[in-house]
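Protein chains in written order, with the working numbering: chain R, 1 to 204; chain L, 1 to 83.
Please note that the accuracy of each hint is not assured.
[Unchecked claim] Once the Cα atoms are required to be at most 27 Å apart in a straight line, the calculated DSS-like pairs of lysine-lysine come out as:
no., chain 1, residue 1, chain 2, residue 2
1, R, Lys-115, R, Lys-6
2, R, Lys-159, R, Lys-93
3, R, Lys-6, R, Lys-159
4, R, Lys-93, R, Lys-115
5, R, Lys-6, R, Lys-93
6, L, Lys-44, R, Lys-101
7, R, Lys-159, R, Lys-115
8, L, Lys-44, R, Lys-6
9, L, Lys-44, R, Lys-93
In short, the hints are calculated from the structure, not lab data.
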Amino acid sequence: MIEIDKSEHIIRVVRRHWFVLLSDIFVLAFLFAVPVIGLFLFHLVPMENILIFTGNQAYAVSFFLFAWLFIVWIMGWNMWTDYYLDVLIITDKRIFDINQKGLFRRESSSFRIDKIQNVSVNQIGIIQTLLDFGTIQLETAGEREDFTAGFIAHPYEIKRFINESQDREVERSQLVHLVPDEKDAVTRSGSHAEKLTGQDDEGR
Amino acid sequence: MTPPAILSTINIQIAVSPFFLFVVGALVIAGWLVFTVIIRYHWKNYGTGGMQLFAMNFLYISGSAALAGLMILSAVLYLISAQ
């Protein structure tokens with residue numbers, strides 16, 4: 001359901017660098033460790049006074065452990081989906097910026113590739129340089145705000161790719177503009193010839 | 001008075017019956033089902049790349065089945081041990 005025309009083709013999908021997932025990974029690692037902390041507390045606090053097990057306690061503990069891991073697993077997939085659907089789609093005509101924020105908030109904006117006036121890349125700091133990610137800024141013609149995408153992997157390569165795509169699109173649009181002119185010229189010369197022929201006929 | 005000592009004085013008792021485990025398990029699985037419908041809709045409609053989506057679906061379903069299976073198995077074993 002990405003709003004792409006039928007004549008349009010996706011030529012590249014750009015995702016953010018895995019570094020943005022690092023904070024999510026830390027959160028998941030902590031949540032994963034919660035049962036260990038829970039088991040420690042279980043020994044610290046006299047839980048046998050509070051919880052009354054009617055069956056084998058080990059099975060009940062393993063049930064809660066797997067239930068918790070199942071919840072953490074779901075949370076992990078939620079984080080992954082958020083990352084996976086946050087993309088920059090480059091087609092042969094336009095660039096789409098899709099921002100997925102949670103499961104029920106999605107922002108999508110697009111602009112024509114031939115309207116780009118300048119592509120700039122910012123890589124700040126040792127981490128961005130070593131891991132090769134940064135911010136791409138696209139300046140477009142018109143009153144529209146500049147487009148900025150952060151944490152993009154291999155930004156210089158993407159910049160080169162956008163520039164090449166833009167060159168191709170500009171060349172193509174120039175060709176499209178040339179063709180009708182040529183047609184007009186042919187039509188005009190044809191009608192002129194007819195006129196001349198008519199004049200010839202009248203002259204005879 | 002240390003916190004565990006305070007807790008030992010509290011007179012709250014929760015019975016962890018097999019029924020309680022099955023109710024908790026059913027709630028978790030119901031939540032998973034709702035979440036699965038939502039994220040698979042997102043993957044199907046907004047995802048890009050067929051093979052990647054297939055791998056994601058496979059990993060998600062197989063991992064979920066394993067965890068749900070272990071959870072249910074634990075509940076069943078608890079039920080058997082309670083009888």
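Here is what the structure says about each hint:
1. R:Lys-115 / R:Lys-6: 21 Å, holds
2. R:Lys-159 / R:Lys-93: 16 Å, holds
3. R:Lys-6 / R:Lys-159: Holds. R:Lys-6 to R:Lys-159 sits at ~26 Å (cutoff 27 Å).
4. R:Lys-93 / R:Lys-115: Answer holds: R:Lys-93 to R:Lys-115 is near 10 Å, not above 27 Å.
5. R:Lys-6 / R:Lys-93: Distance of about 12 Å is within 27 Å: holds.
6. L:Lys-44 / R:Lys-101: 17 Å, holds
7. R:Lys-159 / R:Lys-115: Roughly 15 Å separates the two Cα atoms, so the pair holds.
8. L:Lys-44 / R:Lys-6: 18 Å, holds
9. L:Lys-44 / R:Lys-93: Holds: L:Lys-44 and R:Lys-93 sit about 24 Å apart, inside 27 Å.
Every hint, counting from the list given before, is met by this structure.
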